[in-house]
Amino acid sequence: MSGFLPLALDALNYTSVLLLVSIGLVIVFGMMQVINLAHGEFFLVGAYAVLVLQGLGVPFWLTLPLAFAAGGLLGLVCDAAILRFIYHRPADTILATWGLSLAIRQAIVIIFGPSSQQVVAPLTEPVNVFGISYSSYRLAIIAIAIAVAAVVFAVLYKTAFGLAARAAMANRPMAQCLGINTRRLDRVTFSLGAALAGFSGAVMAPLMSVDPQMGMGFVLPAFLSILVGGVGSPAGAIWGSVVIGGSTTAAASIWTPVIAQIIVFSLSIAIIRFLPAGLSGLRRK
Amino acid sequence: MLEIEGLISGYGKGASVLKGIDLKAAKGDRLAIMGRNGMGKTLLAKTIMGLVRPSAGKVKFDGIDITGQHAHSVSNMGMAYVPQGREIFGDFTVLENLRMGVIGKPGLTLDLDRIYGWFPILKERERQRAGTMSGGQMQQLAIGRALIGRPKLLLLDEPSEGIQPSIVHEIAEKLRMICAEEGLTVIVIEQNFDMVEILAERVAFIENGKITGEVPVVQLAADPDLITRHMGL
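These protein sequence lines map, in sequence, to chains S and D.
Each residue of the first sequence is one higher than the one before, counting from 1 in the numbering used here.
Each residue of the second sequence is one higher than the one before, counting from 1 in the numbering used here.
Since the hints were made in silico from the structure, they are not lab data.
As the structure is a prediction and not an experimental result, all values here were calculated from the model.
Keeping only pairs whose Cα atoms sit at most 25 Å apart, straight-line, the calculated BS3-like set for lysine-lysine is: (1) S:Lys158 <-> D:Lys123; (2) D:Lys210 <-> D:Lys27; (3) D:Lys210 <-> D:Lys19; (4) S:Lys158 <-> D:Lys105.
Covered stretches of chain S (in silico footprint by chain D; criterion: 3 or more residues with CB under 8 Å from a CB of chain D, positions within the stretch not fixed): (5) 156 to 164; (6) 173 to 184.
Every residue, glycine too, gets a C-beta built ideally from N, C-alpha and C.
For reference, chain D alone in the conformation it holds in the complex (with noise of 0.2 Å):
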């Protein structure tokens, strides 16, 4: 579904903060992506999007490359980025806001009960200025507006920042049950390993611009010092 080959990119010309990524991700493939701070853990995310032009190296999504392609034209392959921080629109009531997901990609319609029947909250809310939610609710929409648009690949980034824990666990469930009925990929960047317990099978860490070392979550969970060593808690 998604593969990655010696990415190499930067805010900036000549700043590599990612120097040679290599990630593979096949179709149902449930990825997390952890690392600290500054890792370039948004860049990669970014880059894949099609928000940042990489230097080097190749990104092939369901057999297509995509290198420096439009970030529109990612999604309109399937590719849906629900961003660190949310990035709703704020202004926008929470109906206008899950009609952007579908007035950019020809052919959908607006199926609004099937994301209503997983974020029921959107549906009380619809009419409401999307910038008055909670940070909880926020995240549902972005997560529902990314989902309406029927994708075949979720890529997450940081879902549970700045959200309460319980909300948390109730998000990572949620979209665990998501991508099984949908069998739908996802790659998740985070740093809250409940959520990525949760919702991930494997995890992939990224240190200093280069992924150095994959584990299923399983064993992640058996064995705490892995995170301890690959992201220096």
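In isolation and in its complexed conformation, chain S is listed as follows (with noise of 0.2 Å):
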């Protein structure tokens, strides 16, 4: 039990920093058929939005919203220059988000230097869990990722918008014909997904050093988890993320992390090779 349950609690940790991640990935694929390879940037613009407002003096706590924010209105500006135009091409937004990520990376560089840098944490306090000793912080990102993850479900499936969304995720020509304007919901869901990129990037920020390749480390696992889990469904990220995060924190706790990786690709080769659909696909059978 005393060598289960930190690995337990990891295995939550990293299954709700992958949650993070994915929810806002698997809104934009789901929805537009977007594979976004400029989220891992959404991610480091809400991280270096944390860096930039604590040496402001801003409290930790308000820099989430506003690294939220600012995550939303890059993706916003990002719709409106580029992905506007190119939407009904997909296989050109990868190649279109794909360039965007090389820039706003870039610029992240020229802007802040290569070198990583450090946000002071909020809580760093351990804390007592049934026992044993946990970062605090570390629980506090559990609990964020469910918040999160709740207001987002709760939008997705009790709201006018989020019935829309849905709709226009599962026949796009239909909820057009019922007079929803897609397009307007293509920009509030690609801002969304940066917003939800943003806001994760700024959660990450102190457990991690800011530097211009952080996000890279989660959008890889973060595709995955939305891949096996099943992009057709919203609910398919929290699947995914489940399976993922808890099969390389348990496979890394026995073998090394190199190993994990291997376990972990197999096991989502296998899953994708049964379950095109993912996870969510088993509900609809």
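Since each chain sits alone in its own frame, please combine them into the complex, following the hints.
Printed below as a string of structure tokens:
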């Protein structure tokens, strides 16, 4: 038990982080069929937003909504300037978002330099969880991820916007025929995805060094999570994050992180091979 | 209400399936469009609705030129579309499907009682996942979802497809009654003469992308050879 609990908390923590990053990805991909390769850079913008705002004396907890806004605003600009012209060409959006990711990352290198920097963690004292000492900020991340997922799901399943968004996800032409302006919905969706990425970056910033490459380590497992969970369903982000986050942490605790990566990739390939619609496809069977 | 002039349209560039469609429907008209498979009936519906952009010609709805307009604008002007295969949102509940009929239209409220009055089964199944219903029930839902948006014109594509004959008859009777009550204009694309006979007043035949003739339904009922001639059945 004493060995299992820290492992379970670590797995839960990593799952929460993946969920935070992948929820924006799954919304954008599920609704717009856009594979947003710049998601990691929106994450980066959020982390740097914390760095800048903390430098200005803004308290950490206040930087989170501001990082959300910064990601969202940048998403809005990218949509208006680039993506809205190519949404109907999914393959081109891959290239465009890849270009966008390079441009954002280089802009950050130019402005902030290539070296890593630190932000101040808001919670530093470990807390006692059932007899073991655990990072209080990591526990806060779990709570934040659950709260964000709850809010995103409430928006998707309890509001008119969410209903329209899910309808566009399921059958875009039919949603249009019912009077839904899918173009406007795309703009809001892309910005929301970018805002969530920015928020994730801000949440993760105190746990790692803030540098121009920090987004990449999360985006690949987040993509894997939504593929395993099922790209057609927002709930897929949850199932995928649980599988990828849980298996990565468990395997890494037994073997090395490299072997853990091999196991997780193999598991993902097996799941996608037998369930092409991901784990959320099971419910529809 | 709807005026179509010289409409040329196709899937993909340069491939014209509709080769100059001329069609008119006045307010309150109940027009059926009949034709064999592959003649461009569904493409015509999609082009009217704004899902496919025509390469030439004009579509006027309620006096306004809607050629090339986006489907959501056409819908908001008062045209409702019940597509072939119904296209209800199978993972949504019946109620959510009905809500979809109004959320894109500013100022409209969800008048469920009106729809449930016509289709009581939808009230019974309100919380059920729409994809689990029978074909006939799904068709009633697709029609209810279209009507809840208070359209001026209802465009139906093969509403009888995959539905047992007794239910086809029932839906046709119900639609005819609703049209009379609401003063609704209806354009129905159909191959099933039972549906056409009950619902429509006149029939336009489409062949090789052109309208080849128009006759009143009563004439068609009296002379079945007309159908054979126009549809090669």
